[in-house]
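**Student:** Those sequence lines, one after another, are chains Y and U.
With our numbering applied, the first sequence corresponds to residues 1 to 304, in that order.
With our numbering applied, the second sequence corresponds to residues 1 to 522, in that order.
The hints are simulated quantities; they were obtained by calculation from the structure and are not laboratory data.
Take the hints with a grain of salt, since some may be wrong.
[Said to hold, decoys possible] The calculated lysine-lysine pairs, modelled on DSS-like cross-linking and capped at a C-alpha distance of 30 Å, are:
#: 1; chain 1: U; residue 1: 391; chain 2: U; residue 2: 519
#: 2; chain 1: Y; residue 1: 162; chain 2: U; residue 2: 519
#: 3; chain 1: U; residue 1: 240; chain 2: U; residue 2: 391
#: 4; chain 1: Y; residue 1: 302; chain 2: Y; residue 2: 285
#: 5; chain 1: Y; residue 1: 285; chain 2: Y; residue 2: 237
#: 6; chain 1: U; residue 1: 391; chain 2: Y; residue 2: 162
So the chains spell out like this:
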Amino acid sequence: MSQTDTAETTANRTDSQGVSTTAGETVQETRPEWTNYEADGETKLAVDDLDVHYGDDHALKGVSMDIPEESVTALIGPSGCGKSTFLRCLNRMNDRIRAASVDGTVELDGEDIYQDGVDLVELRKRVGMVFQSPNPFPKSIRENVSYGPRKHGDIETGLLAKLTGRAEPDREDALVERSLERAALWEEVSDRLDDNALGLSGGQQQRLCIARCLAVDPEVILMDEPASALDPIATSKIEDLIEDLAQDYTVVVVTHSMQQAARVSDQTAVFLTGGELVEYDDTEKIFENPESQRVEDYISGKFG
Amino acid sequence: MSRATQTALVRDDRTAYEAAAGLAVGLSGVAFAVGLAALLDVVSIDDPVAGVELPVAFGAVLLALGASVVAFGAVSRLDYVDTGPQPSAGLVAAAAFTAIWFAVGAAVSGALGLGTVGRFGVGAALAGVGFATTAFPREDVGSTVPAGVVAALCGLALLSGVVGPGWERPLAGYNATLFGDTVVPVVVLFASLVTGWSGAKAYGGFGARGRNVGAYVLIYLVVGSILAVLVGLVAFVTAKGLPGLFNGFGLGGASLLRWPFLTNGAGLLADIAGVFPALMGTIWLVVGAVLFAVPTGVGAAVFLSEYAEQGRFTGAVEVATNGLWSTPSIVFGLFGAAFLIPRFGNQKSLIAGMLTLGFMLLPLVLITSREAILAVPDEYRDASAALGVSKWQTIRSVVLPAAIPGVTTGVILGVGRIAGETAPILLTMGGGVLPAKSAAPNVMTGFRLSTSPPFVSNPALLEATSALPYQLYALITAGLSGNIQNPQEYAWGLALTLLLVVLVFYAVGIATRYYFRRKLHQ
Chain Y
1 MSQTDTAETT
11 ANRTDSQGVS
21 TTAGETVQET
31 RPEWTNYEAD
41 GETKLAVDDL
51 DVHYGDDHAL
61 KGVSMDIPEE
71 SVTALIGPSG
81 CGKSTFLRCL
91 NRMNDRIRAA
101 SVDGTVELDG
111 EDIYQDGVDL
121 VELRKRVGMV
131 FQSPNPFPKS
141 IRENVSYGPR
151 KHGDIETGLL
161 AKLTGRAEPD
171 REDALVERSL
181 ERAALWEEVS
191 DRLDDNALGL
201 SGGQQQRLCI
211 ARCLAVDPEV
221 ILMDEPASAL
231 DPIATSKIED
241 LIEDLAQDYT
251 VVVVTHSMQQ
261 AARVSDQTAV
271 FLTGGELVEY
281 DDTEKIFENP
291 ESQRVEDYIS
301 GKFG
Chain U
1 MSRATQTALV
11 RDDRTAYEAA
21 AGLAVGLSGV
31 AFAVGLAALL
41 DVVSIDDPVA
51 GVELPVAFGA
61 VLLALGASVV
71 AFGAVSRLDY
81 VDTGPQPSAG
91 LVAAAAFTAI
101 WFAVGAAVSG
111 ALGLGTVGRF
121 GVGAALAGVG
131 FATTAFPRED
141 VGSTVPAGVV
151 AALCGLALLS
161 GVVGPGWERP
171 LAGYNATLFG
181 DTVVPVVVLF
191 ASLVTGWSGA
201 KAYGGFGARG
211 RNVGAYVLIY
221 LVVGSILAVL
231 VGLVAFVTAK
241 GLPGLFNGFG
251 LGGASLLRWP
261 FLTNGAGLLA
271 DIAGVFPALM
281 GTIWLVVGAV
291 LFAVPTGVGA
301 AVFLSEYAEQ
311 GRFTGAVEVA
321 TNGLWSTPSI
331 VFGLFGAAFL
341 IPRFGNQKSL
351 IAGMLTLGFM
361 LLPLVLITSR
371 EAILAVPDEY
381 RDASAALGVS
391 KWQTIRSVVL
401 PAAIPGVTTG
411 VILGVGRIAG
421 ETAPILLTMG
431 GGVLPAKSAA
441 PNVMTGFRLS
451 TSPPFVSNPA
461 LLEATSALPY
471 QLYALITAGL
481 SGNIQNPQEY
491 AWGLALTLLL
501 VVLVFYAVGI
511 ATRYYFRRKL
521 HQ
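With the rest of the complex left out, here is chain Y (with noise of 0.2 Å):
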């Protein structure tokens, strides 16, 4: 059952494989019904028949699906299913990876991000990201949140700022606590902003790292396991902080945990060993009634 899974999603979705005669023949009668699906709402990124290779290493293959905006997608999967590799496409993040070759389209707002000419800086303006492991810059809370729109020019600081009469601390201070309050972050940290960032515990730095992530006013967040080096309280702030977000954002989030993408997520995206995308559904479908028998086995702790 599983066997003939594989073999009709990898010949129905991967042209540079070839279709052989036999497989040929059964993919339209079975081509799995969740191929059909389409999530509620506007479709913010959509990618078609990505393939990723890292050197000889065929990391994903072949993988579509639409994300919709303003709504949380998980992907799940075993360690090295390609989940994370997927999440990075989305904002060209694997570009920072020498090895790494991506095929296919990824269209955020209709428009193909891996056409030549793409502003990657504003890529990244537009669809931002929130690490593994929280990753603060050694600086104050405060710089480290204007950071993004200070680089980009819409914040000045500085000096020359000063001596110019350009500079807005004012802008600067509400575009702050703006962006600590959407992170849940604000009430701790209100008193310490120009304390040094890595004195902050994990999960603050996390929450801090988001609100970094938010105030250069993203369209998309892309989140890579952002609570898998947490504790359970400080994992449960950030869950409640991502259906929160997604009422304004897109959220995609990567994570091992089952019960988290259960917990949160509108739809989720099962990728498995190979790199293949297997099932891409409602959340409920898939941790109730999966088309798959892999996805089930997955589910149900049998297999991964």
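Keeping the supplied structure of chain Y fixed, place chain U upon it in accordance with the hints.
**Tutor:** Frame of chain Y; chain U shown alone:
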């Protein structure tokens, strides 16, 4: 032995034994410290201590220590106390005592007047004995008896006056003589090190714990002696240099502070000769070299670690920089003399010296900056890129600030080297050996603007200038003294000034590093 005693976590019948062994270790430490002081001439070997001559007192202490160490072994071997020795003292200890006993045999037979063959024969025989007594018996005998006997022999030699203050021995084949005031402290240091180690093993009850304590004592004594030598070196220069440095020093009066040694030149008009021109020369030299080497070195490090593809090219650059850093300074000096001097007015000049030392400093700044930049976590770069911040801005506002402490460390190390460098200055900067105050470089006020290229000129940079190490070298080798009343005192004062200048540059560097570390981490 029953199982219960073998696994006892606390051995409670050993208090007296441990106390005695502890005392022996302490006494060894004291003997070691006094021996070191005697070697550094802090304590005179000829002075009597409480009516007894120092070498005799040393002899008695070493004899007692040797005997007690042997006794510790015997008491443990005969099971009067409960210790945990291993079957053998081990190969390393055996090898060490083989060497020690060979030396003892050769020295004793040499003193008895045997020829080369005889000395070698006796040495080899005793080496065999040393190896056998260390390696074959149980650990408590193997690590005490050979050690104790050596120490006791050393003690006997001192006590009997065979080796004493008046002792001397011309070294055959060398135009040199060994004197008692060097040999006595060396014998004491060596013997007390051996008894300290052995006593510490007994204190720990042999076995794993004993080896641990023994290693501690050895390491502490050796490290302590190294530190003592370093402190002794600085203290020596300070003691010799202070009279010269503070010659004519005074507070109050007509001028608030009078420090002629630092503010005068060495010309005929100076009532007290000073080092002002050379001091200013050295300061400007270091400042110029740092101003040249830090921006270029850090820039190259940024390119090599952030932009260049890691591969053959960066590997070749790395090998080349390491090679440059270990290039002898005289070679840099020759380069400066042959390449820079013709380009700066064809005479030795301050700027030629600055650039030569800058070239010397460059590889170290490059190497340490590169290490520091590579040590900045990639997470910072990822986080910054994910916020849509460009690479250069990331380097400027995240990577470089995080790397500053490491870069500063490199500059501190380099300044220490270039500030004391003599050979390149000799070839590129020259200057008078005993310059008058008017010969001091006036870099700050020397800038002149002009309407024709190069628009800015600074005659001070183009003049031959003296520097502290150069002046010191010239004073010692040429034996010049000019109108200096006390050349010895002057030269030592000069050396101390150089030491202080380097220390001040260190202090500035360390304060900078501390400031940036604090800023990064709290």
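**Student:** Determine for every hint whether it applies to the structure shown.
**Tutor:** Quick rundown of the hints versus the structure:
Our distance criterion of 30 Å between C-alpha atoms is met by residue 391/U and residue 519/U, whose separation comes to about 23 Å. Between residue 162/Y and residue 519/U the alpha-carbon distance is near 22 Å, which keeps this suggested pair within the 30 Å criterion. A hinted pair counts as satisfied when its Cα atoms are at most 30 Å apart, and residue 240/U with residue 391/U does not qualify at roughly 55 Å. Restraint check for residue 302/Y and residue 285/Y: the C-alpha separation of about 19 Å stays at or below 30 Å, so the hint holds.
Our distance criterion of 30 Å between C-alpha atoms is met by residue 285/Y and residue 237/Y, whose separation comes to about 26 Å. The hinted pair formed by residue 391/U and residue 162/Y meets the criterion: a straight-line CA distance of about 26 Å does not exceed 30 Å.
Hint violations for this structure: number 3 only, all remaining hints satisfied.
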